[in-house]
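Peer 1: Work from the hints to combine the two standalone chains into their complex.
Those protein sequence lines, which keep their order, are chains S and B.
According to our numbering, numbering within the first sequence proceeds without interruption in unit steps and concludes at 286.
According to our numbering, numbering within the second sequence proceeds without interruption in unit steps and concludes at 188.
Treat the hints as calculated values from the structure; they're not laboratory data.
Each hint should be verified, as a subset may be incorrect.
Listed next, with one range per pair, are the computed distances between beta-carbon atoms [to be verified]:
#, chain 1, residue 1, chain 2, residue 2, range
1, B, Lys161, S, Ser110, 22 to 28 Å
2, S, Met171, B, Gly169, 48 to 54 Å
3, S, Ala36, B, Gly169, 14 to 20 Å
4, S, Ser109, B, Leu131, 19 to 25 Å
5, B, Pro168, S, Thr70, 17 to 23 Å
6, S, Tyr169, B, Gln84, 20 to 26 Å
7, S, Ser269, B, Asn26, 57 to 63 Å
8, S, Thr249, B, Glu102, 39 to 45 Å
9, S, Ala245, B, Asn26, 16 to 22 Å
10, S, Thr70, B, Val7, 51 to 57 Å
11, B, Ser179, S, Met171, 42 to 48 Å
12, B, Glu85, S, Tyr247, 34 to 40 Å
13, S, Asn113, B, Ala182, 19 to 25 Å
14, B, Gln84, S, Lys146, 27 to 33 Å
Derived DSS-like pairs (lysine-lysine); straight-line CA-CA distance at most 25 Å [as the list claims (entries may be wrong)]:
#, chain 1, residue 1, chain 2, residue 2
15, S, Lys98, B, Lys15
16, S, Lys114, B, Lys146
17, B, Lys20, S, Lys98
18, B, Lys12, B, Lys153
19, B, Lys157, S, Lys271
20, B, Lys138, S, Lys104
21, B, Lys138, S, Lys98
22, S, Lys160, B, Lys22
23, S, Lys271, B, Lys67
24, B, Lys12, S, Lys98
25, S, Lys160, B, Lys20
26, S, Lys277, B, Lys157
27, S, Lys175, S, Lys114
28, S, Lys277, B, Lys153
29, S, Lys246, B, Lys183
30, S, Lys98, B, Lys33
31, S, Lys104, B, Lys161
32, S, Lys104, B, Lys22
33, B, Lys184, S, Lys25
34, B, Lys176, S, Lys25
35, S, Lys146, S, Lys104
36, B, Lys146, S, Lys277
37, B, Lys161, S, Lys277
38, S, Lys26, B, Lys20
39, S, Lys25, S, Lys160
40, B, Lys183, B, Lys105
This one's a predicted model, so the numbers in the text were calculated from it and none came from an experiment.
Just so it is clear, CB atoms sit at the ideal spot from N, CA and C, and this is done for glycine as well.
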Amino acid sequence: MNTKYAYYPGCSLHSTGAEYDVSFKKVAGKLGVELAEVPGWVCCGTSPAHSASHLLSIALPVKNLSLVETMAKDVVVPCAACYSRFKFATYEMGHDNKLAEDVKEVIGSSFQNKVKVLHPLEIFAQIPPDALKAQVKENHKDKALKVVCYYGCLLTRPPKVMQFDDVEYPMTMDKVLENTGYQILDWSYKTDCCGASFALSETDAVLTLTQKILKNAKEVGADAIAVACPLCHANLDTRQTDINAKYNTDYNIPIYYFTQLMGLAFGYSPKEMGVNKHLTEATMNV
Amino acid sequence: MPTQATVMPDAKFLKQMDDKIKVNVNLCFQCRKCSAGCPMAYAMDYTPAQLIHAIRLGLKDIVINSKTMWMCSSCQTCTTRCPQEVDIARVMDTVKILAVAEGIKPPVSSVHTFNKAALRNIKWLGRMYELGMIGDLKMRTFEFFKDMGLGMKMFMKGKLKIIPSVSPGRTLTTWKIFSRSAKKDRSN
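Same shape as in the complex, but just chain B (with noise of 0.2 Å):
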């Protein structure tokens, strides 16, 4: 008799995504509505239903590297359509935010950059200041010539301010709340 291969699921991994993700995947009866509808699906590695799928076997090395929930673009047809009413763009946020806790580095790496300099951006300004944002994003991406062109016709539009709008009260609020929201995210 051959032996059959077995997967065995990572049972802690099963553990983290159950108190983080607060979903009940195991709903999932892959009918793939998800990913049909996924307008993004093209570009990902695993479709909606197929990374579900893996996150119930408890295939952690699998989900974490996946290039798919960094594809998402967050538009809420999978959530929306899901007859067992499976939060899935809830479950990509989730797995985004434990592959980064794991140390992964993200397989679409211009979406993270682009996430840590807007957060970065929010939390000393209080508000978004686009230009400082792109200007982070291109010593972070060396992609300097990038959208040039564009712009300088939005800021000839005067689509994009120069100053920031930036009041110390304000830059204080949103400092406190990110600070304080990491150290319960630690504690949670």
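Chain S on its own, in the form it takes in the complex (with noise of 0.2 Å):
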């Protein structure tokens, strides 16, 4: 398989999700995903543009969107977040004529709206099963490791914008690790809301909300939490020493980016994959 996309890493992979951005390449160039930077991309607007302007908050991803359509490439785009606002915004620009004539004004470019935008895991669900157990090490560690998949909530919502996976219940993420050699379990908080763009204005609401998925994640008996969004990982992550001074709990669930989980699979050391990086520490078998 060799194929090339244009690569949006949106503001969080470039700082505080930099773990999810190094495991993404080296994960992709292992499975022979070409990955091309969008030159000159600007911030997607995320929550706060869209609390704002219902206008800026789509011009911000058609003007990236409009980057990518001089590249001539599909667009893959890891953060759900960014995700999220570039769906919306090829829906919203074909749905809305009006809309999308003042969008077209406002960034000044004629946008054909051709662009088909891909998160990485639809990517990796379409390699065969086989070549993704082809990569995975004989001597992998992990293959121990129980893990539950968080999908959180824009990944799949709303379903007419986002076509991704079934709404309540997906299970993209959950074949690609069990492919990739791990023990993935069944769990009731694979799409539940962690508090997302709170975790800094309302960080109680996050501590609540978080709370409720590690116990869920632990009741199940998982090892660990696999997600595929930088806001999911920093409130599940950096936010345990809260949640069990809050709760008076004892949580420490690693939580991974779910490209790490199949780096280590691949052979890379938990450095390469950026692991160090982690606020709760992962100490089992890495």
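Peer 2: What follows is the structure, given as structure tokens:
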């Protein structure tokens, strides 16, 4: 498999989610997926933009998509929040003519809306299971690791816009990680909200919501949670100390980007996958 | 005969909502599925279903002064599950925008302050510069020590950049997009 995509890292993958960026690029390279970063990309606007102006919240991702259009490639967007804003932009541009005209005027480009927006999970799910299994190292130490897959809100919702797997019980990440040699467990909090952009503003809401997610993961016997979004990672990983203080618990569950788990199975060291950047340290097997 | 209290819908408000919202809230038949699934309902003063009902009754004061839309985490569960396909998450955004335009001081100021700090950051730098945004937030909230320990840990792990990624071309791009869409929003 040798496929070329435009790559939109978004702000998080260049800072707080640097390990997602590193691990995704390495794993993609191993699987023959070529990535070219979109030159001159700007922030997608994330939640503050759609809370302030609908026009602005579509114009910012469309500016990026118009840059991708000049590259004549489909774009892969690993951050679930950016991915959501990009999908909303393509959906709205196709359904609201007045808005589409306004957006084109605001960004000063004749956008054709021809770019396909993909999440890394969609690309990896297309790779035949045998090709994934072929990359897994024999002595892969994490085979015994029991993992629950956390999709969060924005990968699947709302389904008419995202068109990504089943909205209440998605399986894409489960299958990819299973084919990479992990034990995947069923659980109830796959698509529940972690508090998202309230991380800094309403931190208490994040503690309330993430506590429920960690509790269920522990109840089903998970050793780790796999995520596909830098916001989910930040909320679940960095707040465990605060949660333990507030709820008198002793959570110490490592939160991995699914790309890190893939990379570890492919034989990369934890350091190469940026596991040392996690605040809740991964102590088992690695 | 005692007189009954009558709700007088604010016709101007209903028109404003209709113009901006582009979602037909009148389709709501109050099944309250949105509120049952809302992860943030516990922190709201009115449930999403109650807010939609208040909009339909034209109770402007209740709607724009509510905490509800500020406590919405935009998780899209309500919009996804609504059997009448009312885009409730979009309604929450629209009510926030209207409340700010009306000059209401948001009852959950932390969220509004965060949004403003983030947008200023994107407008002037083109991309989010976390340390700069946190600094801006702290200057406005005076919560200088909140999350200080966490911030230090993240900094030590190399998760926060000291120097923002700036390029003049990119900054000009976002600055133009912000100014032009603000102008369009005013004229629409």
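Peer 1: Now, for every hint given, state plainly whether the structure supports it.
Peer 2: Hints, one by one, checked against the model:
About 35 Å separates the C-beta atoms of Lys161/B and Ser110/S, a value inconsistent with the hinted range of 22 to 28 Å. Between Met171/S and Gly169/B the C-beta distance comes to about 42 Å, which lies outside the given range of 48 to 54 Å. Checked against the hint of 14 to 20 Å, the C-beta distance between Ala36/S and Gly169/B comes to roughly 19 Å, which is consistent with it. One distance hint, 19 to 25 Å for the beta-carbon pair Ser109/S and Leu131/B, is violated here, with the actual separation near 32 Å.
At about 20 Å, the CB distance of Pro168/B to Thr70/S agrees with the hint of 17 to 23 Å. In this structure the hint that Tyr169/S and Gln84/B lie 20 to 26 Å apart at CB holds, the actual value being about 23 Å. Between Ser269/S and Asn26/B the Cβ separation comes to about 59 Å, which falls inside the hinted range of 57 to 63 Å. Here the CB-CB span from Thr249/S to Glu102/B is close to 43 Å, well matched to the stated 39 to 45 Å.
At roughly 47 Å, the beta carbons of Ala245/S and Asn26/B sit outside the given window of 16 to 22 Å. Under the hint 51 to 57 Å, the C-beta atoms of Thr70/S and Val7/B, about 55 Å apart, fit the expected range. A hinted range of 42 to 48 Å for the beta carbons of Ser179/B and Met171/S is consistent with their spacing of about 44 Å. Separation of Glu85/B from Tyr247/S is about 37 Å and conforms to the stated range, judged on CB atoms against 34 to 40 Å.
The hinted window of 19 to 25 Å between Asn113/S and Ala182/B holds, with their beta carbons roughly 24 Å apart. Distance hint for Gln84/B and Lys146/S: a CB-CB separation of about 41 Å, inconsistent with the stated range 27 to 33 Å. For the hint pairing Lys98/S with Lys15/B, the CA-to-CA distance comes to about 19 Å; that is within 25 Å, so the pair holds. The hinted pair formed by Lys114/S and Lys146/B fails the criterion: a straight-line CA distance of about 45 Å is larger than 25 Å.
The suggested pairing of Lys20/B with Lys98/S holds, with an alpha-carbon distance near 13 Å, which does not exceed 25 Å. Only pairs whose Cα atoms come within 25 Å are accepted, and Lys12/B paired with Lys153/B is rejected, the gap being roughly 51 Å. Only pairs whose Cα atoms come within 25 Å are accepted, and Lys157/B paired with Lys271/S is accepted, the gap being roughly 12 Å. Taking the CA atoms of Lys138/B and Lys104/S, the gap is near 36 Å; set against the 25 Å cutoff, the hint is violated.
Between Lys138/B and Lys98/S the CA atoms are separated by roughly 39 Å; this puts the pair beyond 25 Å, and the hint is violated. A distance of roughly 17 Å separates the Cα atoms of Lys160/S and Lys22/B; the hinted pair therefore holds under the 25 Å criterion. Restraint check for Lys271/S and Lys67/B: not satisfied, since their Cα atoms lie roughly 44 Å apart, outside the 25 Å limit. Between Lys12/B and Lys98/S the alpha-carbon distance is near 23 Å, which keeps this suggested pair within the 25 Å criterion.
A C-alpha spacing of about 22 Å is found between Lys160/S and Lys20/B, which places the hinted pair at or below 25 Å, so the restraint holds. For the given pair, Lys277/S sits about 5 Å from Lys157/B by alpha-carbon distance, which is consistent with the 25 Å threshold. At roughly 29 Å between alpha-carbon atoms, Lys175/S and Lys114/S are farther apart than 25 Å, so this suggested pair is violated. Straight-line distance between C-alpha atoms of Lys277/S and Lys153/B comes to about 10 Å, which keeps the hinted pair within the 25 Å bound.
Our distance criterion of 25 Å between C-alpha atoms is broken by Lys246/S and Lys183/B, whose separation comes to about 46 Å. Pair hint Lys98/S plus Lys33/B does not hold up; C-alpha atoms about 32 Å apart against a cutoff of 25 Å. For the suggested pair Lys104/S and Lys161/B, the alpha carbons sit about 33 Å apart, so the restraint of at most 25 Å is broken. A threshold of 25 Å between alpha carbons decides the hint, and for Lys104/S with Lys22/B the separation of about 20 Å falls inside it, so the pair holds.
Note on Lys184/B and Lys25/S: the hinted pairing is violated, with a Cα-Cα distance of about 39 Å set against a maximum of 25 Å. Under the criterion of a C-alpha separation no larger than 25 Å, the hint pairing Lys176/B with Lys25/S is inconsistent with the structure, at around 32 Å. In summary, the hint linking Lys146/S to Lys104/S is not supported, as the alpha carbons are separated by about 48 Å, beyond the 25 Å threshold. Between Lys146/B and Lys277/S the alpha-carbon distance is near 22 Å, which keeps this suggested pair within the 25 Å criterion.
Proposed proximity of Lys161/B and Lys277/S is supported: the alpha carbons are some 14 Å apart, at most 25 Å. With a C-alpha separation of about 45 Å, the suggested pairing of Lys26/S with Lys20/B is violated against the 25 Å cut-off. The suggested pairing of Lys25/S with Lys160/S is violated, with an alpha-carbon distance near 29 Å, which exceeds 25 Å. A threshold of 25 Å between alpha carbons decides the hint, and for Lys183/B with Lys105/B the separation of about 23 Å falls inside it, so the pair holds.
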